[in-house]
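Just need the whole structure built from these sequences, with the hints factored in.
As given, the protein sequences belong to chains A, B and C, one line each in that order.
First residue of the first sequence? That's 1 in full-length UniProt numbering, and the numbers climb one at a time after it.
First residue of the second sequence? That's 1 in full-length UniProt numbering, and the numbers climb one at a time after it.
First residue of the third sequence? That's 1 in full-length UniProt numbering, and the numbers climb one at a time after it.
Since the hints were derived computationally from the structure, they do not count as laboratory data.
Please note: incorrect hints may appear among the correct ones.
Which copy is meant is left open, so a pair is good if it fits within one copy or across any two.
[To be verified] Only pairs whose alpha carbons sit at most 25 Å apart, straight line, appear in this in silico DSS-like list of lysine-lysine: (1) 339 / 217; (2) 426 / 342; (3) 50 / 378; (4) 392 / 50; (5) 378 / 126.
These numbers were taken from a predicted model, which means no experiment stands behind them.
Chain residues, written in single-letter form:
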Amino acid sequence: LTQPPPWGINTNIRLTLPVVCFVWQIAMIILFGVFIRYDEESDAHWVETKAHDNITSDIENDFYFRYPSFQDVHVMIFVGFGFLMTFLKRYSFGAVGFNFLIASFGLQWALLMQGWFHSLDPQTGKIFIGIESLINADFCVAGCLIAYGAVLGKVSPVQLLVMTLFGVTLFAVEEYIILNLLHARDAGGSMVIHTFGGYYGLSISRVLYRPNLHQSKRMQGSVYHSDTFAMIGTLFLWMFWPSFNSAITDHGDGQHRAVINTYLGLASTVLTTVAISSLSQKTGKLDMVHIQNSTLAGGVALGTAAEFMISPYGALIVGFFCGIISTMGYIFISPFLEKTLKIQDTCGIHNLHAMPGVIGGIVGAITAAAASESVYGKQGLINTFDFTGDFKDRTVLTQGGYQAAGMCVSIVFGVVGGAIVGSILKLPIWGDPADQNCFDDEVYWELPDEEEEHQGSIPPILEYNNHMIHKQQDL
Amino acid sequence: LTQPPPWGINTNIRLTLPVVCFVWQIAMIILFGVFIRYDEESDAHWVETKAHDNITSDIENDFYFRYPSFQDVHVMIFVGFGFLMTFLKRYSFGAVGFNFLIASFGLQWALLMQGWFHSLDPQTGKIFIGIESLINADFCVAGCLIAYGAVLGKVSPVQLLVMTLFGVTLFAVEEYIILNLLHARDAGGSMVIHTFGGYYGLSISRVLYRPNLHQSKRMQGSVYHSDTFAMIGTLFLWMFWPSFNSAITDHGDGQHRAVINTYLGLASTVLTTVAISSLSQKTGKLDMVHIQNSTLAGGVALGTAAEFMISPYGALIVGFFCGIISTMGYIFISPFLEKTLKIQDTCGIHNLHAMPGVIGGIVGAITAAAASESVYGKQGLINTFDFTGDFKDRTVLTQGGYQAAGMCVSIVFGVVGGAIVGSILKLPIWGDPADQNCFDDEVYWELPDEEEEHQGSIPPILEYNNHMIHKQQDL
Amino acid sequence: LTQPPPWGINTNIRLTLPVVCFVWQIAMIILFGVFIRYDEESDAHWVETKAHDNITSDIENDFYFRYPSFQDVHVMIFVGFGFLMTFLKRYSFGAVGFNFLIASFGLQWALLMQGWFHSLDPQTGKIFIGIESLINADFCVAGCLIAYGAVLGKVSPVQLLVMTLFGVTLFAVEEYIILNLLHARDAGGSMVIHTFGGYYGLSISRVLYRPNLHQSKRMQGSVYHSDTFAMIGTLFLWMFWPSFNSAITDHGDGQHRAVINTYLGLASTVLTTVAISSLSQKTGKLDMVHIQNSTLAGGVALGTAAEFMISPYGALIVGFFCGIISTMGYIFISPFLEKTLKIQDTCGIHNLHAMPGVIGGIVGAITAAAASESVYGKQGLINTFDFTGDFKDRTVLTQGGYQAAGMCVSIVFGVVGGAIVGSILKLPIWGDPADQNCFDDEVYWELPDEEEEHQGSIPPILEYNNHMIHKQQDL
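Structure below.
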């Protein structure tokens with residue numbers, strides 16, 4: 001235990017990691033100095049804005065519409081994604097810690113990238129940020145954290161930062177195309193976040209394929225307590241998913257309806273996940289991998305349609321099928337992807353994000369195409385699909401088509417972007433672990449001396465051994 | 001460890017669990033399709049409703065009054081109840097996982113049952129749901145999760161689903177009688193949730209009495225980390241209890257006051273719990289069981305009176321006595337219940353829910369009977385006790401009587417309902433574990449191979465043994 | 001393992017702990033009965049207040065502006081601080097449990113102390129409380145929990161309660177001087193909470209210096225899972241810090257801006273913490289101590305300036321330097337403090353609270369002094385710095401001076417108050433542990449029998465041993 005680890009100098013990140021952190025953070029400060037300002041609702045001039053716009057109460061500030069949802073989303077990003085990935089027996093530090101690092105960098109870069117594409121003020125050349133910008137930054141980061149799930153345990157923190165830099169950049173572009181150019185609706189990001197993030201991660205993982213990963217097989221399972229830690233992540237994601245899907249939807253009924261739909265869809269997913277998981281074992285035992293992951297698929301798949309009038313039973317149906325498909329994905333598709341397509345997907349993001357994301361895109365397209373004035377009301381239809389300005393003459397059928405087009409864009413950006421970024425990450429300069437040292441915190445973390453942990457329990461055994469030594473001596 | 005487990009085919013739930021999950025979920029979808037619709041605040045027609053009702057701002061949507069509380073309640077249901085029950089050394093998966101399953105089913109069934117009883121629109125035959133419906137569904141589920149605490153580790157997931165099906169049904173009926181017919185107030189559910197849920201679980205546990213449960217004694221304790229996990233549950237319940245008791249109280253002062261009272265009552269409970277726990281040990285050491293559970297009794301006991309003008313010191317007094325009674329319950333009453341009444345109460349829900357619930361009902365009745373216009377104001381009294389419509393002439397004294405009657409109803413429903421449901425659960429078809437396999441996740445879960453966990457620490461010992469082998473060989 | 005522990009009767013707290021809990025809680029009830037009442041927004045007369053003040057909607061109740069932030073702060077106090085301190089291998093019960101106890105007492109005492117100093121109604125002699133009072137009580141408690149971090153594992157729960165009694169008292173006085181007399185702004189408490197709490201704890205720890213603490217060295221480290229538990233605390237503190245710094249700032253832009261600044265500052269801190277942590281190890285490995293603690297320094301340092309127009313890049317810069325300074329504090333300053341100044345600081349609160357708090361005070365003073373009408377607007381400047389009443393003629397430069405003066409007050413109160421309280425805690429009557437029994441839950445908690453935990457894994461070894469016995473017998 002005191003011997004030097006068998007991996008070589010190549011996992012030494014003492015130069016690269018600090019340099020990347022410092023340089024990029026300084027770049028953020030400079031770019032923020034040049035571009036980012038408070039928007040009118042967070043600026044001290046708000047008192048004048050209020051008077052000017054005849055706003056009677058401070059409670060009309062968008063802050064009060066969105067802050068509770070924002071905080072829930074924030075918990076999903078840092079505790080949800082972070083702890084969901086702690087299931088491996090010896091990669092909890094990397095799961096929570098690197099998730100923390102890349103999300104903290106990513107949200108800054110996202111504010112800039114999304115700002116440039118979505119809200120650069122042409123007159124001042126500034127980006128004005130408020131609570132909705134923070135939510136969108138967290139959303140953008142989510143795409144990269146999903147991708148992290150595919151390569152968990154197999155990459156260095158420097159690689160993760162590079163992956164996040166490009167991931168956020170690609171995200172901002174595809175989001176601009178889907179939401180602004182195609183004018184598709186995707187409030188909870190079935191397409192923009194989950195489909196993109198899923199395929200981005202899978203594509204990177206394909207390029208970084210490790211034929212000898214079995215050499216780390218001993219580290220690839222969970223232990224009892226690591227599975228329990230992972231359930232913290234699962235539950236915070238599950239509970240707060242209604243906030244995720246409603247955080248940036250329309251004030252009033254838009255947020256209200258997105259919450260109800262997501263709440264119901266997720267409940268339905270839990271039952272079918274349990275059913276399939278139980279069916280998959282000889283004696284009907286449940287598998288923690290399914291409970292930790294597939295129970296969330298309904299939330300992913302309602303990311304587009306949650307704000308629509310999909311109706312409560314519609315949400316249940318979406319959740320129903322997603323639980324089935326996602327769990328079967330873990331049982332049948334993941335092994336196939338690994339053996340045939342050489343995609344090693346540590347957390348099974350294909351089953352939790354990519355597939356349900358695509359389903360969500362399709363559900364969104366169909367629901368949009370089937371929308372009618374009788375269900376939404378005349379103004380309700382305009383509000384829900386934002387049929388204003390350049391898009392005021394768009395029909396729901398056309399909208400359905402653009403929704404479907406949006407989904408294709410997110411897949412293409414994920415696959416192609418991931419392939420390119422994967423090639424960059426293949427360069428032998430990033431300090432990634434050897435095949436036999438994957439999934440091991442030992443590589444990048446100072447670990448506590450574990451001998452101490454069993455101090456309380458080992459003595460009886462040692463005592464036993466001592467006893468035997470005496471017996472032996474008697475011999 | 002590689003041998004087949006000693007229990008027989010009877011814990012095989014590969015048929016029953018998937019069938020129940022699928023059939024019930026499909027039934028939910030059909031019933032939701034027939035009955036459940038968005039209410040006017042979550043429907044896309046809200047823009048028209050707003051215009052019609054002269055509502056000037058989206059922030060007037062009930063969503064913004066209740067969503068933060070809803071999310072806190074949601075966390076209590078899934079993380080709070082789930083993790084509180086992880087204290088057993090090898091039942092964390094069952095605690096968190098089955099809690100997850102039955103809550104997800106229960107909330108769907110609750111929306112229907114509560115809808116039929118409380119909000120079925122006579123004209124359309126539909127149930128219109130909004131954020132308050134979701135809170136009430138979570139509340140209803142809480143009753144069943146409380147009952148789960150009594151039978152934790154001794155039942156199969158199929159039994160839990162059956163228990164939830166009937167529990168939610170009984171809950172909706174007793175709630176209808178207490179809140180609608182008796183017109184009692186019970187915003188945080190001291191009676192409706194905790195008293196009912198507590199006696200329902202205890203009654204079931206009585207019917208399912210296992211005389212040979214001592215055969216599982218080795219599994220009945222906690223370990224250091226499982227106790228730490230349980231504190232996650234305790235704290236999230238404790239912190240968010242103010243949201244629980246205020247989630248469906250009146251807008252404005254009603255919610256505000258319920259929060260203050262619950263916050264104070266719970267703080268007081270912690271001190272007396274610690275005091276009694278320390279007194280109960282020879283050297284004044286504290287017992288984690290008490291800290292995990294009895295600290296919450298004050299929140300239970302303020303479930304009825306939190307919205308009343310019980311006054312801050314009144315809330316402190318309630319918490320003071322509940323901490324004492326609940327902790328003494330763990331020390332004296334639980335052993336008595338097990339030995340004399342043959343009630344095996346795994347989590348001690350009698351001390352945490354049943355007794356404090358009854359106290360809460362009594363406190364509520366007294367506080368209501370003692371209400372006066374000088375304290376509440378004329379309109380305040382009407383608002384707080386909802387003395388409108390059929391009940392506009394009710395006096396506070398009468399109200400106190402109806403509150404007390406409500407408590408009796410909840411006890412009767414719990415005890416009788418539990419006895420009947422317990423008899424159903426006694427049928428030998430549900431796959432429950434043998435007496436020697438209780439409290440063991442091994443029965444219903446694929447467990448990780450634990451040998452690996454100690455990889456880091458075992459080598460020195462094995463090395464020692466190897467060393468001894470060599471010594472032996474030398475001999 | 002069955003032998004009596006080696007420490008003597010002096011850690012027996014069976015008399016002192018229950019007596020202190022009971023007497024103090026009864027005192028709270030009496031004082032609350034005499035002094036504490038609901039304020040007008042939580043009183044049942046609110047319906048009349050509304051009519052009288054022409055308030056059109058219940059949503060104008062301060063409850064709806066502050067409740068979501070309050071709940072986040074509440075989570076920080078109980079889960080955040082509690083779990084952050086679970087990093088020690090065998091002090092998780094003490095960390096979470098004693099944190100729970102002293103916070104529950106402290107918030108009651110804080111409502112009284114802060115009430116007497118800040119909001120005693122001169123006419124009625126009453127203190128009227130509402131949601132903002134609860135937030136302030138939680139804030140006040142935070143100061144004492146910070147101090148707990150310095151003496152974690154070395155004091156008895158009775159000492160902690162005494163420390164909290166005096167800590168809350170001192171807090172209320174320094175807060176009154178800083179916020180009311182000096183009229184300094186300190187919404188997130190860089191000075192009032194963190195600087196005071198930090199120096200209060202360090203000063204107490206200095207007085208309680210244990211020259212033979214090395215005798216407990218075996219207990220002073222972490223284990224893998226205790227470090228993972230601590231990350232729960234870290235992340236909930238980190239995620240909810242925007243709520244902490246904005247909870248009592250001005251409605252509207254004040255809360256909105258404080259959230260944005262804190263969110264950004266904390267993100268920046270994470271990157272520089274990682275950079276310095278990696279630099280500090282030969283192979284660039286990260287140290288969990290840094291990730292758990294220093295990542296929070298940016299939130300501390302923005303406690304004063306978060307509500308000002310520090311601008312987004314300004315917040316990033318503050319976070320940038322705090323991550324560096326705090327991490328270097330763990331590497332260089334903590335060992336120096338221990339060796340040279342004899343300050344044993346278990347959690348490193350000097351690096352996480354004291355230093356960043358002072359930085360926050362300085363940043364606040366500079367930002368205030370540099371404020372201008374062009375940046376804030378005329379009315380914005382008045383609102384932000386509350387230049388009304390007696391202070392309507394104060395200039396920003398003067399304000400900067402008073403901010404700096406406030407910081408000095410908080411340091412003096414911390415150091416001098418801590419020295420006095422430390423002397424009281426040095427009396428040999430409080431049941432604190434011997435030098436060789438520090439950092440061990442065994443002293444104050446009934447611990448589960450750990451032998452059981454390894455039941456699953458030990459058998460193979462015992463089997464091995466049995467095998468050897470047979471071999472031996474063959475010999």
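Consistency of the hints with the structure:
| no. | hint | verdict |
| --- | --- | --- |
| 1 | 339 / 217 | within (15 Å within a copy, 45 Å between copies) |
| 2 | 426 / 342 | within (15 Å within a copy, 50 Å between copies) |
| 3 | 50 / 378 | between (30 Å within a copy, 14 Å between copies) |
| 4 | 392 / 50 | between (29 Å within a copy, 23 Å between copies) |
| 5 | 378 / 126 | between (36 Å within a copy, 23 Å between copies) |
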